[in-house]
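Protein sequences appear in the order of chains U and F.
The first sequence lines up with residues 1 to 324 when you count with our numbering.
The second sequence lines up with residues 325 to 753 when you count with our numbering.
Hints in this document: simulated from the structure, not taken from any laboratory.
Note that the Cβ used here is the ideal one computed from N, Cα and C, for glycine as well.
Treat the hints with caution; some may be incorrect.
As the list claims (entries may be wrong) - To spell it out: a stretch of chain U is covered by chain F in this simulated footprint if at least three of its residues, at any positions, have a beta carbon under 8 Å from a beta carbon of chain F; those stretches are:
{"no.": "1", "stretch": "111–120"}
{"no.": "2", "stretch": "134–141"}
{"no.": "3", "stretch": "200–210"}
{"no.": "4", "stretch": "277–284"}
As a plain string of letters, each chain reads:
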Amino acid sequence: MTERFLGKDLLALEPLTADQIRFILDTAEPFKEVSERTIKKVPTLRGKTIVNLFFEASTRTRISFEFAEKRLSADTVNVAAAGSSVEKGETLVDTARNLEAMRIDMVVMRHPSSGAAQFLADRIRSNVVNAGDGTHEHPTQGLLDLLTLRDKFGRIEGLKVCICGDILHSRVARSNIWGLLKLGAQVAVCGPASLLPLGIEELGVSVFRRIEDAIQWADALNVLRIQLERMHAGYLPSLREYNRVFGVTVERLERAPRDLVILHPGPMNRGVEIDSRVADGPHSVILGQVTNGVAVRMAVLYLLAGGRPDMAEAAKGRSAEVGE
Amino acid sequence: MKPVLIRGGRVIDPSQGHDGVADVLLADGRVAGLGPALSAPDGAEVVDARGKVVAPGLIDLHVHLREPGREDVETVATGARAAAAGGFTAVCPMPNTDPVTDNQAAVGFIVKQAQAAGAARVYPIGAISLGQKGQQLSEFGELVGAGAVAVSDDGHPVTSSHLLRMALSYARTFDIPVADHCEDPTLKANGVMHEGLVSTRLGLRGIPAAAEEIMVARNLLLAELTGGHIHLCHMSTRGSVELIRRAKEKGVRVTAEVTPHHLTLTDEACEGYDTNAKMNPPLRQAADVAALRAGLKDGTIDVIATDHAPHHYDAKEREFDDAPFGIVGLETALGLGLTELVRGGALTLPELIDRMSTAPARVFHLPGGSLQRGAPGDVVVVDPDASWRVDPAAFYSKSRNTPFGGRDLNGRVLRTFVGGLTVFRGDAA
Chain U
1 MTERFLGKDL LALEPLTADQ IRFILDTAEP FKEVSERTIK KVPTLRGKTI
51 VNLFFEASTR TRISFEFAEK RLSADTVNVA AAGSSVEKGE TLVDTARNLE
101 AMRIDMVVMR HPSSGAAQFL ADRIRSNVVN AGDGTHEHPT QGLLDLLTLR
151 DKFGRIEGLK VCICGDILHS RVARSNIWGL LKLGAQVAVC GPASLLPLGI
201 EELGVSVFRR IEDAIQWADA LNVLRIQLER MHAGYLPSLR EYNRVFGVTV
251 ERLERAPRDL VILHPGPMNR GVEIDSRVAD GPHSVILGQV TNGVAVRMAV
301 LYLLAGGRPD MAEAAKGRSA EVGE
Chain F
325 MKPVLIRGGR VIDPSQGHDG VADVLLADGR VAGLGPALSA PDGAEVVDAR
375 GKVVAPGLID LHVHLREPGR EDVETVATGA RAAAAGGFTA VCPMPNTDPV
425 TDNQAAVGFI VKQAQAAGAA RVYPIGAISL GQKGQQLSEF GELVGAGAVA
475 VSDDGHPVTS SHLLRMALSY ARTFDIPVAD HCEDPTLKAN GVMHEGLVST
525 RLGLRGIPAA AEEIMVARNL LLAELTGGHI HLCHMSTRGS VELIRRAKEK
575 GVRVTAEVTP HHLTLTDEAC EGYDTNAKMN PPLRQAADVA ALRAGLKDGT
625 IDVIATDHAP HHYDAKEREF DDAPFGIVGL ETALGLGLTE LVRGGALTLP
675 ELIDRMSTAP ARVFHLPGGS LQRGAPGDVV VVDPDASWRV DPAAFYSKSR
725 NTPFGGRDLN GRVLRTFVGG LTVFRGDAA
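The shape of chain U in the complex, shown without the other chains (with noise of 0.2 Å):
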């Protein structure tokens, strides 16, 4: 149980090698089944302390980690920046030392920073897993997004995604981008200039300038919430004409050329980039990608803890014997 697939901890998509996200799609397959029993828990990681390092609000991604969490058996923690230490001004460095101090075994950590997770795993000796880092990644999302991919297409490698909206200031679409990428899809992202980073294209992915181009190309889209600051940042004139110009709505997926397949890493705004009929409609995974969630993230904790892939079966299986 010495090998490690993972290293240390899971900062971002970027690094991996293919293989690597393959072995944590594979090892989330059995840990699938656990969350449809009537007793959800397996005793994988009992005896493991895990932090729950939330310095951003989140409601998904936190509580989808604590069920992973707590399926696994793990003892965690919930620290949320509000009402913490970090309100009274204590530096993320101390934050660790003291969790350190702790002996703790992981910490999942959301911030509104780029490259506070790594920050982290650096000062730390425990397991850092990134729930989200500024505009940087939110890599359990990218696995999530593509193990619904999987499970819909029956593959990743020449689907062809378009990630529609918000790509600057996306964490999620970053994740994706490496995700897909590395798997072998076919990556596009469509949304106004003002919000596309510059050099995007150098990543490998195509833009469309226009949904209605990006509808006839590709087989999913994967679309992103667009938030009311930035209309008053001034990236966006209102989140009416996003939605006139950029929305996924019933009408024009009609015109499309096959059934899309939609995703939305959520939370919705109903009627701005996704009309409520889409996001209700047959093709959409979006509760699917919320169910998968759980089942990634028990697979990168199980992962990081030293599990092998191979192993996640007879790992989970054990929860019968044990009784539990």
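Put chain F on the given structure of chain U with help from the hints.
Okay, now just chain F, sitting in the frame of chain U:
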């Protein structure tokens, strides 16, 4: 004061086109002679400089000495000693102290601290506007009377074109340059590094080259309008070099500086979120570095200035977004110049000495930068081949924030003289 005879070195003095083996005599605080086989006066100290380079002391037009206000990260004295250790005999501290150096008493305080330190000379730069607030001009006449050699609101770019126009016009009475940090604050916004592929990958907010170039273009137009002398701080983009080149062809009174780090590093140094690679202006791209080097070579950019910016280690031990901009530079500038620029073929050794000594003296109308008879006895003796490894813990500066730690550099300062007195002595001398 004991005379000093520096014997047998390769004497490089760009102010008189001298490059050859000679002796240099310092007496009564000044250069008393330069020539072959000078005889040592009675009681003179004789320095054997065979195989070494002897040059006028280096002059840095852009440093931050943090006193008054942040004496925990640097003082006038520690900064002046760091300068001497780096081969500098004069430095010009920016006025962004606390309180701001915007009046004669504040300038006088820095001059007094420098005299007490007895290391490199310190020529303060006064603020363009009171409190660097960009609203009301400081009293340039009184600043100059107290010892200021230029004015700048560095770090707080002058956004009002009207105010900069007035500063350039008003400064003509005192014949001082107006130095500007060229930055459009709305384009820079909360950017933390160069905007490009690397910032896109790292998810860090970018600062486009245009944020600098817009203000360079504006400043050149205002210099042309007023006939004033604009000095452009720490140029970082190829577009800026091109704008300055064209303005100089037209006869605009512009001078410009570039830092050692903008001549040697690119935005790729930010990989891994290294906060010691966080500068303002940000490290740009290879094409910018090449254009800056070419501009320095052909005289479009006049001088190398370090923008020595000490910060407490806690301040850099932070998330990239929250760390302050800037690095220390006084003790690595010459080594980087010799290693990267001279050995790298971008400049000849006499050109490097010119850009770090003679040209800075000319740009800010300072004494020094010359070994002509009667010039101040400000001299540096350098072993150009000695190799050393940058050890930030050994810096004379109070701060250690440098991306060059651990780097092997050529060119070790053996001796620094200010006014004919030794203010720094290296290990091997």
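Could you work out which earlier hints the structure fails to respect and list their numbers in ascending sequence? 4
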